[in-house]
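Residue numbers (the working numbering), protein chains in the order written: chain A, 1 to 411; chain B, 1001 to 1171.
Mixed in with the good hints, there may be bad ones.
Unchecked claim - Covered stretches of chain A, as calculated for chain B (at least 3 residues, CB under 8 Å):
id	region
1	38-44
2	72-79
3	94-106
4	142-149
5	184-193
6	234-244
7	362-376
Source of the hints: derived by calculation from the structure; they are not laboratory data.
C-beta: ideal position from N, C-alpha, C; glycine also.
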Amino acid sequence: MPGKTITEKILSAKSAQDVSAGDLVVCPVDCALGTDGSTPMALDYFEAMGGRRVFDPRRIVFALDHYAPAPNRTTAQLHQRMRDFAALHGIALWDVGEGIGHQLIVESGRAAPGGLVVGADSHAVTYGALNCFGTGIGSSDLAAILMCGEIWLRVPESIRVTLTGQLPDGVYAKDVALALAKELGADGATYQALEFGGPALPTLHLDDRLVLSNLSVEMGAKNGIFSNAGLPACDSSVEADTDARYSREVVIALDRLAPQVALPHQVDRVVSIGEAVGTPVHMVYLGTCTGGRVRDFHQARDVLRSGGGVARGVHLVITPASRTVLETLTRDGTLADFIAMGAVVLTPGCGSCCGTCGAIPGDGVNVISTANRNFKGRMGNSNAAIYLASPASCAAAAVRGAISDPREMES
Amino acid sequence: MTGRARVFGDDINTDYIITSRRKRESLDPLVLRHYLFEEIDPRFAASVEPGDLIVAGKNFGCGSAMEVAVTAVRGARIGAVVARSFSRTYYRNAVNNGLLPVICDTSRIREGDKIAIVGHEVHNVTTNETILAEALPKIMLEIIEAGGPVPYFRRWGRFNVGQVTDLPTKE
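Taking the hints into account, I'd like the entire structure generated from these sequences.
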């Protein structure tokens, strides 16, 4: 019998069966996240299903992150409904201002090695960074979990992504993720898992891994899971067998990478930054569940400082991924640096990334962003164009008012 | 199921099906149907007719897992999406809301063709061509046969799949 991938092992353990790719399993979830974007509909399904009691409220958590703060009465009422339901059933709720649900799942320790955590939001794949099976679901599947605590899943085939070498100066996890999106394409991992491993892992910080796992859904992946190698040892961590079967193997030599940019309006339309240098930029966005953590803001601040600050006419908007991130940036002086450079600081949450609230670009505006999606209209205006890049590359664009190579600015 | 093909290309993400910002105003499918595909085909919503079928290339429904991207399509009384492939979240959400997702080669279907879906076969009545579609996983067929997850759960209260019935209940 052939060996198993990390995903096959976790789904075998959770379903108490010996399963491999292609099998169907029903598993209890360790935790399920519902956001204000998905939960109100889930509550409709739950009620229609005859739900009265939530199966295990301790395994559910709600985050008010997509409309933070609520931009109108309709969404304010959605928040009220979620608060009332959470209070009635004893469900934990992260209220407006606490941050993006995915970041809070990570910060609160709810995603752990060997675990199975789902979120009613596509970027629940982020939890894979912690050697945890994380996948996105819709509202009706969340309702089913409220009913019975379980989800059905097809065990996916895995694509092995081997990372070698070390990131050169000026090149970051976001560049690796964009290079992988270019290699695989927007549907290259559909119905499959990405499994990240290789000799580079000890050099990759958890925050780097979160970026790669987060973007795996932009290649269609069901989950994007990391080996635990290089992170603190943990009894529950799961590693692949040496004879595990993969549908495809991709090797990325980190030391050969240059900064990357995804051009409008597709995440897999990626070029090396040299091919985009000079493109005028009017708005720079630092934030989201991809690029809104403390290290991201430090990297961007360092480039802005050594480059001499924000160019005239560039609108710099920052959104820390959580209140904890915001507090850290406040304590260490980074926030004051950004404010002094003219940055607009928005409430921790998802808003500007998906155009649900926050800063919306005007017609003809070019935005460069640390986010994960650049679809037409994504930030709330289909007449704007969105480029995706690392925090350092976004900061370099803010310095020059045009896409620029951050390696020319880092001290 | 028979209907007129409304053809789209590859990588149609859920924001293109219904833009996120419309969710701010309403989650009602009968409201949202008026904004279907507005980012990429502003004339679609006014021209859609009950019974129309969406035909697309690869990776239909990629991006956000938002379920309104399915319910808004159902709100326009579209019964099926025929595509070369789907994002997994759209595929699940479609089954859970009675929108039939059909996977097959769609490269020879043209806008306005009359399409009939019968079991695992997609007939292009206009060109007299038959395309073989992939079978749905068993659990999805069971959910569809039950009339969707709502009646399924009203009946069973949990996932009643053969291979797990011997597992102890967690309560």
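Return the numbers of the hints above that this structure violates; sort them in rising order. 3 and 6
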